[in-house]
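A.B. asks: Here are the chains, one letter per residue:
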Amino acid sequence: MTIQLNGREQEVPEGLTLAELVAWLKLPADRVAVERNLDIVPRARWAQTSIEEHDRLEVVHFVGGGRPTESLRR
Amino acid sequence: MTEKYSRQILFAPIGEAGQKRLARSRVVIIGAGALGTFQASQLARAGVGALRIVDRDFVEESNLQRQMLFDESDAAQNLPKAVAAERKLRAINSDIRSEGVVADFEPRNAEELVRGFDVILDGTDNFEARYLLNDAAVKLGIPWVYGAAVGSYAATMTVRPGETACLACVFPVPPVGLGDTCDTVGVIAPAVAWAAAEQVTETLKLLLGRVEVLHGEFLSADIWGNKFQRVRPRRDPACRVCGAREFRYLDGESSFSGSLCGRNAVQLRQADSRALDLRELGMRLERFGPVRGNEFLLRFELAPYELTVFSDGRAIIKGTDDPAVARGLYAKYVGS
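The listed protein sequences derive, respectively, from chains A and B. Letter by letter, the first sequence follows residues 4 to 77 in this note's numbering. Letter by letter, the second sequence follows residues 132 to 467 in this note's numbering.
So that you can see chain A by itself, here it is in the shape it has in the complex:
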């Protein structure tokens, strides 16, 4: 199915939770914040949040000044 990830279309498997999607996208789970359809999803609810077709996700990275995360390198 297709979602909007940071303003771009992205094909992702169906039936994922947000926690699973973050892992599937290989995002560094401990240093991203995710907004789903304009609503930030607290980390504690990632595992219960289902991703639906056409969801709009915004992902921001918490950086410290050290090295960037894997996803930033892509």
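Since the hints were derived computationally from the structure, they do not count as laboratory data. Be aware that a few hints might be false.
DMTMM-like cross-link-like pairs, simulated, lysine to aspartate or glutamate; straight-line CA separation at most 20 angstroms [unchecked claim]:
| # | chain 1 | residue 1 | chain 2 | residue 2 |
| --- | --- | --- | --- | --- |
| 1 | B | Lys151 | B | Asp235 |
| 2 | B | Lys358 | A | Glu12 |
| 3 | A | Lys29 | B | Asp353 |
Values in this document were obtained by computation on a predicted structure and should not be read as measured data.
Starting from the known structure of chain A, arrange chain B on it as the hints suggest.
C.D. replies: Here is chain B on its own, set in the frame of chain A:
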């Protein structure tokens, strides 16, 4: 009001009244690196009445690419960043009070360093310091503005304790594994400037009481890849810090030593800072190797190591990332 601020006064949201308010304002900046020097320069030029800038390190040539208050002579003299920054800020604007503090921002001094200021600006370079800063800011009820940059990526968020999400609402625990494996991929100055410009703008809004124009988001930008993202953090009522008021980082023990991010160096801190006689130490060490220094620090070369000792007993040992080796060198040459 002097001609100095005329263009800023013409900017309607500031005006004469806003300028006077800035002159009565106090901002503390934690870190005099790329973020901190940009912030300090802009706030000094804007006429913010009192600036304090805190840093533990000294100026090196590799800083000059992005740390805009420093020049080649500061690096050649090995000046502590806080000292060099204070000198530059005084030269930039003599109307304001500028104070550089040579110190590590750590649990035992965090509250003391920020108490009484209107806004705290994040110019740190690691996660741990930001959680400590968040603790101190929330405990004392002082707004603070997070900012960071790496590569061409920059991020920022404004925290108003009790009003907005705090850092721990969004990221309950610091990311792991970065502090000790910090081989950096570098950073470009404009990425830092992007974060710092947002931080300074938010600071001006806070100082002028214009909270309705704060952006209220976690903003990020990859200015090389042309990607701009934003999310709107929400306060977590169960937040350990701003909900439960549990200040784990503030209550924490300050570590005696720690390796310095990607520099093949270890910093040693004494449990109780004491004054060292650098002149006496220098004379004692001269028979072992070349000694250089100034009134703030002493540098002693002992290949393959280089010991930089500050007058409060703190030291940075280059040439190793093993704290045990660093402690051994310190004990042998400086004293225990």
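A.B. asks: It remains to establish, for every hint, whether it holds in the given structure.
C.D. replies: Here's how the hints hold up against the structure:
1. Proximity of Lys151 (chain B) to Asp235 (chain B) is assessed by CA-CA distance (about 32 angstroms); at most 20 angstroms being required, the pair is judged violated.
2. Straight-line distance between C-alpha atoms of Lys358 (chain B) and Glu12 (chain A) comes to about 14 angstroms, which keeps the hinted pair within the 20 angstroms bound.
3. About 18 angstroms separates the Cα atoms of Lys29 (chain A) and Asp353 (chain B), which keeps this hinted pair within 20 angstroms; it holds.
Of the numbered hints listed earlier, the single one contradicted by the structure is hint 1.
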